[in-house]
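Which chain is which? The protein sequence lines are C and F, in order. Using our numbering, the first residue of the first sequence is number 1, and each one after it goes up by one. Using our numbering, the first residue of the second sequence is number 1, and each one after it goes up by one.
Since the hints were derived computationally from the structure, they do not count as laboratory data. Glycine is no exception: its CB is placed at the ideal position from the N, C-alpha and C atoms. Any given hint could be a false lead.
Claimed, not checked - With a cut-off of at most 27 Å between alpha-carbon atoms, the simulated DSS-like pairs for lysine-lysine come out as follows:
#1 C:Lys28 x C:Lys507
#2 F:Lys122 x C:Lys439
#3 C:Lys439 x F:Lys119
#4 C:Lys439 x C:Lys28
#5 C:Lys514 x F:Lys119
#6 F:Lys72 x C:Lys439
Unchecked claim - Sample of chain C residues lacking proximity to chain F, with all beta carbon distances greater than 10 Å (derived):
#7 Ile189
#8 Pro198
#9 Arg292
#10 Ser359
#11 Leu360
#12 Gly430
#13 Asp470
#14 His482
#15 Thr528
#16 Pro534
#17 Tyr535
#18 Pro570
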Amino acid sequence: MSHDGIHPEPTSFWRKHVFSVDHKVIGKQFMWFGFAWLAIGGMMAMMIRWQLAYPGTPFPVLGDFFFPGGVVSPEQYNTLFTMHGTIMIFLGLTPLLIGAFGNFCIPLMIGARDMIFPLLNCLSFWTLMIGGAVAFYSLTVPLGGSEAGWTGYPTLSTTVGTQGSGETLWAIAVFIIGVSSIMGGINYITTIVRLRAPGMTWTRLPLTVWGLFFTSILNVLFLPVIGSAMILLVLDRVFGTTFYVPATMAEGGAGDPILYQHLFWIFGHPEVYILILPAWGYISDFLSFFSRKPAFGYRITVGAMAAVTILSAVVYGHHMFTTGLSPMLGESFMLLTMIISVPGEILFFNWLHTIWRGSLRMTTPMLFSMGVIFVFGLGGLTGIYLATISTDIYLHDTYFVVGHFHLTMAASALFGAFAGVYFWMPKMFGTVLNEFWGKVHFWFTAVPLTIVFCTMFWSGYAGMPRRYYDHTYVEYLRDLQHLNVITTHAALLLGAAQVVFAFNFIKSRWFGQKATDNPWEVGTLEWTTASPTPYFNFQEIPVVHCGPHEFSNPNIPGGADWIFQTDVLPGEPALPATHAPAAEPAHSA
Amino acid sequence: MHTTGSLVLNVLRSSRLRWIVVGLLAAVVLAPASSAHASASSTHLAAAPVLAVALQDADVDADQADAAPIVKRYGPFEPASSYGHRFDWLFNFITILISVSFLLVLILLFIPVVRDRAKPNKKAHFDHGSSLADKRFTTIVSVTVFIVLDALVLYFAMIDLREGYWNIPRGEDELAEAYQVEVLGQQWAWNFRATGADGEFGTADDIVTINHLTVPQNRPVVLNLASKDVIHSLYIPDMRFKRDANPGAVNEAWFEPIKSGDFAILCAELCGYAHYQMESTLTVLPADLFDEWEADASIMATAGYDEDDTEAQWAWDFRN
Ligand SMILES: [Cu+2]
Ligand SMILES: [Cu+2]
Ligand SMILES: [Cu+2]
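Build out the structure end to end from the sequences listed, making use of the hints.
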């Protein structure tokens with residue numbers, strides 16, 4: 001097949017590296033963008049933790065640049081945790097997990113030369129860039145950045161609670177970022193449906209692609225909901241409407257602040273799965289790759305992910321148990337939330353079964369994948385306390401919740417992303433990340449991270465509310481201060497471990513050992529092409545003859561324990577091409 | 001630099017030394033736990049020299065340490081409400097369930113890590129896990145997990161809700177027996193309003209207090225909560241009680257104190273930069289002392305009543 005019909009290879013610097021329409025370049029752009037914001041959001045976490053352990057003392061070294069006298073003020077503290085949440089979710093993890101790997105891996109793994117809408121892809125990244133710029137700018141306005149929490153509940157987020165343009169800019173930024181995610185989602189879904197190589201049937205897709213597929217569905221369905229919530233908020237703030245301002249207030253509205261909570265969590269709960277589904281997909285593949293065993297119960301895994309995708313839309317009420325939901329609604333949401341643990345548990349069952357009696361290669365991506373089992377196990381199981389209304393009433397809005405959601409949506413997603421970085425590095429940049437420093441990075445991340453969030457469970461259980469500027473102000477919380485100090489020490493160590501990663505990444509990227517075409521010995525399509533990947537990905541559009549996980553299949557000839565998806569397994573007929581979609585429908589039109 | 005690097009390298013390569021490093025790591029992190037208080041002792045700073053530099057001239061809340069002895073705590077105080085033990089019981093029950101589950105996950109994770117490492121000439125067991133037996137096994141496991149983990153917890157939670165948290169006194173007789181309080185949150189204080197001796201809201205003897213609520217022991221306290229400005233959340237940890245105070249709507253909730261004494265009231269919902277300062281006090285008095293207090297407070301309230309001060313008349317007309 002020729003290269004005719006796809007966008008021609010650009011020659012100018014701008015078209016090549018900046019406004020590129022090549023999915024690989026865009027994937028890398030998303031990656032750098034995500035790394036930069038993870039660093040900013042992570043630094044904010046350090047400042048938050050410092051203030052909580054040593055309230056009123058100057059933040060070391062950097063404090064003087066950001067805070068008067070080096071000490072975080074209550075207003076700045078609120079901005080810090082608001083922006084920490086917003087940045088980590090929308091500008092750090094989403095671009096890295098979905099933007100970077102979604103873009104880079106989907107076309108390569110399904111055997112396509114690019115995304116189906118290359119220009120939309122480029123637009124998606126630059127829209128996100130604008131969203132990031134607005135979010136960054138919101139920190140610099142005279143009255144300070146947003147202070148209403150990443151959840152931005154009215155009426156605190158309306159002019160009743162926060163003055164100035166910081167909050168407005170925050171809402172606009174979230175809206176723009178949402179638009180970017182929707183563009184990405186549409187592109188991913190259409191690409192996966194339309195551009196699969198001949199023979200790449202739905203049941204031969206790598207689980208990575210399945211994870212990204214379900215995430216994209218959630219993105220397309222639920223980002224519009226938060227988008228509309230943000231529009232109403234901006235209207236309330238700027239144009240004096242009262243969608244969220246009730247009649248009882250001096251401002252004399254006719255709205256309802258609880259409306260926002262419904263809109264926010266209709267989006268907010270699926271957002272957890274938007275971040276976790278790709279990570280589940282990656283590690284489902286990696287656990288199979290590095291155990292040299294097929295992914296156990298492939299169809300059941302896909303079914304469980306589909307079930308989670310559907311259920312995630314109907315459980316959001318568990319965030320509002322103390323808001324004033326009717327008891328019947330509350331009990332329904334409790335039941336539905338509990339049901340989600342069934343597909344969740346099936347995934348664990350399949351992962352553990354995949355590594356059972358395998359031939360384990362304990363590489364860094366494997367360690368991080370097992371790390372996901374550990375942290376998501378801890379985070380998922382503690383979710384039972386919060387799904388149960390009668391225990392949630394006490395634990396809601398305490399550090400228990402903070403520990404829980406960091407383990408599920410932050411730590412698991414981050415570990416999944418790290419596993420992906422270590423795994424796809426050879427294909428993305430043509431070099432290998434140093435394994436030794438990768439393992440140092442893993443252990444110095446995993447151990448402190450577990451301490452950070454487990455001490456949070458403890459302090460939350462003991463009654464420490466979240467979003468407090470200074471716990472020592474409250475008398476009875478003073479005997480819990482030692483827990484805060486432990487958490488902070490562990491968090492600082494966790495932050496330091498990421499410096500190890502940054503050095504390893506930069507050093508390996510430019511001075512690292514050159515990668516072979518298939519260093520991990522796996523069979524998915526991206527490894528059939530060169531490292532780093534050539535411009536049009538594949539010389540010829542590959543024809544797929546088997547699934548992604550035929551490891552240790554006794555029929556593989558020549559003593560190897562793996563074959564490419566393009567290889568024909570002896571004894572099995574090659575799949576007729578009629579089963580596959582047309583190779584390049586849109587491009588050739 | 002080179003020698004340091006190779007030293008670290010060797011330490012981490014040797015598997016026995018690896019555990020020493022992990023131990024040291026734990027020691028650094030956990031050091032403050034062994035000192036009496038963050039500021040009362042500086043022993044933990046020796047273990048974390050990076051932090052020590054910044055803390056040298058910072059005398060962290062030394063005056064607070066003088067004011068009250070710091071007790072270390074890892075859990076909540078004993079429940080002080082009639083339904084409080086339900087939380088503690090269910091919390092412990094779930095803890096046992098998930099500890100067993102998590103232990104199982106860890107065992108199933110670590111057995112392959114130790115046993116199934118890649119060795120030359122050793123092939124993995126080939127199994128797609130797609131046979132009917134596998135599907136059956138998966139189904140059995142998930143049904144079991146749902147029944148043991150979820151259905152059981154769900155069952156106990158429903159009982160707790162029906163008999164405890166949602167069993168709000170509502171009937172005429174029940175309300176007469178209960179002590180009714182209206183709660184109005186604002187940035188940044190809790191306003192409380194009780195009926196006073198006449199048992200009616202909106203009269204001259206209504207007891208209106210700020211940041212201090214006094215209630216009788218062993219009588220249900222029925223609270224109606226709302227807010228003047230932003231969302232607040234009335235949090236009484238000892239009573240295992242929490243309910244949002246929303247602007248524009250009234251929330252109903254209850255608890256029955258079974259212990260007398262002073263308890264902390266906090267605000268659990270982010271409500272602005274002084275969110276952490278909405279600390280108030282709940283005083284629970286035994287019946288006889290409470291009646292005395294209520295009579296006195298009503299007299300004082302009547303004496304101080306000013307019909308023109310509409311600001312103070314925030315009793316809600318939804319009752320009429
Ligand atoms: Cu949720
Ligand atoms: Cu408040
Ligand atoms: Cu508050």
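Numbers of the earlier hints that this structure fails to satisfy, in rising order = 6, 9, 10, 11, 13 and 14
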